[in-house]
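**Q** Given only the sequences and the hints, what does the whole structure look like? Please build it.
If you're matching them up, the sequences are chains A and B in order. UniProt numbering numbers the first residue of the first sequence as 1 and each following residue consecutively. UniProt numbering numbers the first residue of the second sequence as 1 and each following residue consecutively.
Among the clues, some could well be false.
Which copy? The list can't say, so a pair holds if one copy fits it or any two copies do.
[Stated by the list, open to error] Capping the alpha-carbon separation at 25 Å, the derived lysine to any residue pairs in SDA-like fashion look like this:
no. : residue 1 : residue 2
1   : Lys2      : Arg15
2   : Lys102    : Phe75
3   : Lys77     : Arg100
4   : Lys260    : Gly221
5   : Lys102    : Ser291
6   : Lys260    : Arg149
7   : Lys102    : Glu195
8   : Lys77     : Ile96
9   : Lys2      : Pro205
10  : Lys77     : Ala47
Hint data in this document are derived by calculation from the structure and do not stem from the laboratory. Predicted model only: the values in this text are computed from it and were never measured.
2 protein chains.
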Amino acid sequence: MKILILGAAGMIGRRLAQALSAHDLTLVDMIQPDQPGAICMARDLTADPAPLLAGRPEAIIHLAAVVSGEAEADFAKGYAINLDASRALLEAIRAIPGYRPKLLFASSIAVFGTPFPDQIPDDFHLTPRTSYGTQKAMTELLISDYTRRGFIDGLSLRLPTICIRPGAPNKAASGFFSNILREPLVGLPAVLPVEDSTRHWFASPASAVGFFTHALGLDLGQFGAARALNMPGLSATVAEEIEALRRVAGQKAVDLIEVKRDETIAAIVAGWPCDFTATRARAAGFVAETSFDQIIAAHLT
Amino acid sequence: MKILILGAAGMIGRRLAQALSAHDLTLVDMIQPDQPGAICMARDLTADPAPLLAGRPEAIIHLAAVVSGEAEADFAKGYAINLDASRALLEAIRAIPGYRPKLLFASSIAVFGTPFPDQIPDDFHLTPRTSYGTQKAMTELLISDYTRRGFIDGLSLRLPTICIRPGAPNKAASGFFSNILREPLVGLPAVLPVEDSTRHWFASPASAVGFFTHALGLDLGQFGAARALNMPGLSATVAEEIEALRRVAGQKAVDLIEVKRDETIAAIVAGWPCDFTATRARAAGFVAETSFDQIIAAHLT
Chain A
1 MKILILGAAG MIGRRLAQAL SAHDLTLVDM IQPDQPGAIC MARDLTADPA PLLAGRPEAI
61 IHLAAVVSGE AEADFAKGYA INLDASRALL EAIRAIPGYR PKLLFASSIA VFGTPFPDQI
121 PDDFHLTPRT SYGTQKAMTE LLISDYTRRG FIDGLSLRLP TICIRPGAPN KAASGFFSNI
181 LREPLVGLPA VLPVEDSTRH WFASPASAVG FFTHALGLDL GQFGAARALN MPGLSATVAE
241 EIEALRRVAG QKAVDLIEVK RDETIAAIVA GWPCDFTATR ARAAGFVAET SFDQIIAAHL
301 T
Chain B
1 MKILILGAAG MIGRRLAQAL SAHDLTLVDM IQPDQPGAIC MARDLTADPA PLLAGRPEAI
61 IHLAAVVSGE AEADFAKGYA INLDASRALL EAIRAIPGYR PKLLFASSIA VFGTPFPDQI
121 PDDFHLTPRT SYGTQKAMTE LLISDYTRRG FIDGLSLRLP TICIRPGAPN KAASGFFSNI
181 LREPLVGLPA VLPVEDSTRH WFASPASAVG FFTHALGLDL GQFGAARALN MPGLSATVAE
241 EIEALRRVAG QKAVDLIEVK RDETIAAIVA GWPCDFTATR ARAAGFVAET SFDQIIAAHL
301 T
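**A** Structure below.
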């Protein structure tokens, strides 16, 4: 299958491109992706997307985005990349008569805002509380409408927080969820800025890759007009993370976690959703981890 | 108060401008509005909105839109007027340092799609099933985000179907709800294309005007981050419409209604919402009719 991946050099994009390497891949990102056997292009997302469609890819996986913090700090850039570039892609597709690719879009649980029920159902209302979440919600609406009109066969996948993120600790408010596992697992210290009773919604990078490869093989018609799906995940507390770490790496690893409360981060995290039913996605065969032991195992393999 | 009304020559805009004539009004529409004492401008909504803000209106009432049928027939035009022009207005406001007008936006119950509960709650999910509804939902999301960021003080008012619409019968799928009252009231025949058990959600033109004048006087901060409100209305069946007509104008008026089923219209109407709690709006003092006798009385005065 001819597949175009936008945002192919990111954390998920790189793994996804490897998982799909048997296909005819075109990989695009701001920084040049690098995968043998694939067409790799460095390209700004604001550039005209029409040339990317010249080969009429049967599937397009759209992962490219400005992250939440940057979309909040740079209002215009967030809308330009997270909304306008997605719409330009949809318009470039619509301009090609008879072309109707499968389009998988990486959306986010940031489309939802407080107050939340204990477990968020599939039909919870869209109440983004950030510009990033607003841009994702608007793009979801476009994808449903372009699908209904027959221009694409689309699906928006609302990803849980990805854990354990690889790489060095970053300053994202959600970074500590990964840091307190990844760093102690290699003997390095990490800071926990919130209560260990804090609950959140997780999936491993491998699960995220699995969501997209699974969706590629699905008949999306089964989702009818509602083309945005809450992906499955693991609802767990920080204490459960730490217990899993203790089982895998012992008390000496746990002792590397320094509790240092940060009121700013605690306040941000308090506004995040922490559990979903993900009924429709599970029924369609999407799967994620069911324990932090599995999430740690996914990181270590 | 300095008030700018966009779409001021439409059914609601004209009445609203009259109701607000004690204020310092600027009235804008594609066709030149006509009201003594007001600044009246004929202007395409796709034109640069910046000049309209030169006088820094304290309130902007945005009623201008391509209607549902046209947005469905002309995909590009619907997005250009119903989404892009609204966003251009928001961006023009954002470009003026320190300016934060009250912005009231005429949204629609078309942001909701089937399946519906018997009565739609305020937090029902956004599931538009038309391009028009998608464009309204996207603009609502923008208005909430621009409000949260402090660029405007916004509110989206989701209007019920307006009944009794003045003027000649039109071909809108919802037209018959008005036609079967307005025409027999003046001795003319009308066609009823659906079962009389069909239920829908109504408010008079006078109520719609009242929603906006009431919102003008409200502290919108009370609505927090959720800046889209289902307006109150009357949930009633066609049979209840006809009974009210009989009470007001007698059996001879009812006899002017010819039942002529139209499967296309019946199918469209079956997908429309027919009852809302409108709890938040009612609590904030928004009011609508509670019987079709009142809706007919509003038409006759």
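**Q** Quick one: which hint numbers does this structure break? Sort them smallest to largest.
**A** Numbers 4, 5, 6, 7 - these are the hints that the structure violates, sorted from lowest upward.
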